[in-house]
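Peer 1: Next come the chains, spelled out residue by residue.
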Amino acid sequence: MDKLDVERLGGFAGFGGPSARIRSRGVCAMSDLSAKDRSSVEDLLAQKVKSAPNPDEFVYRITKRTANATSTVEVPESMVPQALKNCVKDELL
Amino acid sequence: MCKYCTIVPHDVLVRLSKDHSFSAGVRQGLEKTAALDSEIRKLREQARKVTRVGLSNAPIGLAAQLPGPPNVVVYDCHHTQTLPGAPVVNPGSSGDPTAKAAFTVTTDLVRFYSQIFNRNSIDGAGMTLISSIHYGSKYNNAFWNGTQMTYGDGDGQIFVDFTRGNDVVGHENTHGVTQYTLQLVYANEPGGLNESLSDVFGSMFRQWQASQAVNQADWLIGKDIMGPAATAKGYICLRDMANPAAPHCLAPQPTHYTQYQPGMDPHYSSGIPNLAFYSAAMAIGGNSWAKAGQIWYKAMTGYGPSPNLKMGAFADRTRKVAGQLYAGNAAVINAVDQAWKKVGL
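In the order they appear, the protein sequences are chains A and B. Numbers 0 to 92, taken from numbering that gives the first Met the number 0, label the letters of the first sequence in order. Numbers 0 to 344, taken from numbering that gives the first Met the number 0, label the letters of the second sequence in order.
It is possible that some hints are incorrect.
Stated by the list, open to error - Among chain B residues calculated to face chain A with C-beta under 7 Å, some are:
{"hint": "1", "residue": "139"}
{"hint": "2", "residue": "241"}
{"hint": "3", "residue": "245"}
{"hint": "4", "residue": "249"}
{"hint": "5", "residue": "266"}
These are calculated hints, taken from the structure and not from any lab test. Since the model is a prediction, treat every value here as computed from it, not as a measurement. The beta carbon of each residue, even a glycine, is placed where N, CA and C say it ideally should be.
Let the hints inform the model, and build the full structure from the sequences given.
Peer 2: Structure, rendered in structure tokens:
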């Protein structure tokens, strides 16, 4: 089953930075997404371009893991489907 | 405003508009949305070009003399992620403390920029300041989206309402000032400078509101938005300009340029210029906005757009400006020079 590792980075608080004590991560199965969201995720992964966010806007690092390959993309929050935003959870370290 | 204009990428809208598994009506709607999205993107790019041309042609200082003070308006997203949300009538007397804070703190920030730096709003020409509150559900962030400020309520555990932090309000609005002045890109060294300028002016605003001298200020960023779960673990702020690597920070930062690596998150690398400003202001003494702030402001606004400006070049600008503004005042000139040397620049 294809899985998506999702991590939310940056923002005003600097989530997920090298020394940060706050991070936001989650995992979701591609099969749990709607057809529209799956299509959006595939489009994002196909971009392979690191888009710059607006100041303090969150960035999402999305990694798709299949049996044969792994691909990752980082995109501003405004481009991420709500279902993926919902799968991350903020935590203190 | 349709939220899908910004959330769904343009190419996805176009592809879906040609997908015959959707009804003709839906496809037509998607096509219209794609067209609107495209026009909005063109408008944004056009606005950036107009800003750039206007800045290069206008005599410095002219814009600030033109209109009166800016309007400050507040919108309520009602926990959606649709911007700007519904307008809040008379936010200054609202029963909603978040609406009231967004209005009163932003209005005070207008006064700060006007009285201390002779700047009329974000663009220097009286631009209306738009703040959207109650963005999303338990949203742990605040941001500037290129045209307005946006504030989340926090989850009540790690963070509380982001409008409670006057430094947060100062920080986000200053991203707008940077957009209309240096136009720094939001990555690598210019990104770190961009973040630092927002922390510097956000912290100065906080000190100005409290009438604090530099040795009375705590120099913490985000102290007033920390929630109970964060403080219970000993995290009292997001960043500490006086000690960027301190363990009481939720996001400790580097303190010397030798630690800088390309690709670093701007919120991380900003610790280097943050410490330089703190060191300069402390060495000069008095109020941070009186001399150190004037030097940083002139270096930020007096040279036109410099999107790819690096930290070392900005440091040299502040040295040059210190010599211009405070010629003959060796203590100030030396304080700025030593502050940057302390962080390796």
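Peer 1: Against this structure, judge whether each hint is valid.
Peer 2: Going down the list of hints, with the structure as the test:
{"no.": "1", "hint": "139", "in the structure": "6 Å, holds"}
{"no.": "2", "hint": "241", "in the structure": "17 Å, violated"}
{"no.": "3", "hint": "245", "in the structure": "11 Å, violated"}
{"no.": "4", "hint": "249", "in the structure": "5 Å, holds"}
{"no.": "5", "hint": "266", "in the structure": "3 Å, holds"}
Comparing the model with each earlier hint shows violations of hints 2, 3; every other hint is respected.
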